[in-house]
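Trainee: The primary structure of each chain is shown beneath.
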Amino acid sequence: TAGITQAPTSQILAAGRSMTLRCTQDMRHNAMYWYRQDLGLGLRLIHYSNTAGTTGKGEVPDGYSVSRANTDDFPLTLASAVPSQTSVYFCASSPGLAGGYNEQFFGPGTRLTVL
Amino acid sequence: GQQVMQIPQYQHVQEGEDFTTYCNSSTTLSNIQWYKQRPGGHPVFLIQLVKSGEVKKQKRLTFQFGEAKKNSSLHITATQTTDVGTYFCAGPRRNNDMRFGAGTRLTVKP
Numbered sequence: 301t302a303g304i305t306q307a308p309t310s311q312i313l314a315a316g317r318s319m320t321l322r323c324t325q326d327m328r329h330n331a332m333y334w335y336r337q338d339l340g341l342g343l344r345l346i347h348y349s350n351t352a353g354t355t356g357k358g359e360v361p362d363g364y365s366v367s368r369a370n371t372d373d374f375p376l377t378l379a380s381a382v383p384s385q386t387s388v389y390f391c392a393s394s395p396g397l398a399g400g401y402n403e404q405f406f407g408p409g410t411r412l413t414v415l
Numbered sequence: 005g006q007q008v009m010q011i012p013q014y015q016h017v018q019e020g021e022d023f024t025t026y027c028n029s030s031t032t033l034s035n036i037q038w039y040k041q042r043p044g045g046h047p048v049f050l051i052q053l054v055k056s057g058e059v060k061k062q063k064r065l066t067f068q069f070g071e072a073k074k075n076s077s078l079h080i081t082a083t084q085t086t087d088v089g090t091y092f093c094a095g096p097r098r099n100n101d102m103r104f105g106a107g108t109r110l111t112v113k114p
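In order, the protein sequences belong to chains A and B.
Convert by adding 300 to the 1-based position in the first sequence; the result is the number in the numbering used here.
Convert by adding 4 to the 1-based position in the second sequence; the result is the number in the numbering used here.
All the given hints hold, so there is nothing to weed out.
Coverage of chain B stretches by chain A, computed from C-beta distances (three or more under 8 angstroms per stretch; other residues unrestricted):
#: 1; region: 41-55
#: 2; region: 102-111
According to the in silico footprint, chain B covers these stretches of chain A (three or more CB under 8 angstroms from chain B):
#: 3; region: 334-348
#: 4; region: 402-413
Taking lysine-lysine pairs in the DSSO-like style, the calculated list, with each CA pair at most 27 angstroms apart, reads:
#: 5; chain 1: B; residue 1: Lys74; chain 2: B; residue 2: Lys55
#: 6; chain 1: B; residue 1: Lys40; chain 2: B; residue 2: Lys63
#: 7; chain 1: B; residue 1: Lys61; chain 2: B; residue 2: Lys113
#: 8; chain 1: B; residue 1: Lys40; chain 2: A; residue 2: Lys357
#: 9; chain 1: B; residue 1: Lys74; chain 2: A; residue 2: Lys357
#: 10; chain 1: B; residue 1: Lys55; chain 2: B; residue 2: Lys40
Hint data in this document are derived by calculation from the structure and do not stem from the laboratory.
Note that the structure is predicted; figures quoted are calculated from it, not measured.
Positions of the beta carbon are idealized from the N, C-alpha and C atoms, including for glycine.
Using the sequences and the hints, build the whole thing.
Mentor: Right, here's the structure in full:
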């Protein structure tokens, strides 16, 4: 069982370009999340989804969009990247609904640099 | 909104010394989770505390949840080099997501 996979592992992106970070889970979890991790700020939630077809905004959603067409995939799109979006991005999933009492399982992360 | 504050930000210890990280919330938490992230890795769930005053142990790790459910701590006895990493606490926010603390980065000198 792979758990959660993310692609790409790392990327250098020119400012103003768009990019989609991919995330796939094989655990049939209902909830999925996107976090960004910056030094000294911990993990901050960007968007989440409780089930296919539904998404919600987290703590820092501006500049990002997500979709949840099915249970397994939860791509994160940067429509027009800016240098402040340089970060490590983690996808996560959990059984049941987002938040609350559910353990979150994290993917390996995508390191994004916007120049 | 609900904030989860974690201290210290960094801790450097000699192998064999004890280590403690503290997590404080501005509001009462229904539960709190702890995660560990090894250098270059991803966060991995350690434990969840739910009850007021709860204490749980995992080998050399002891987790506590305060009586008022506003604070929590993780204590490691006799640290080893394998304990190196960043430890995060996380508390729920409006049942839609978990708010993570900034983490405590532990380094251990052999």
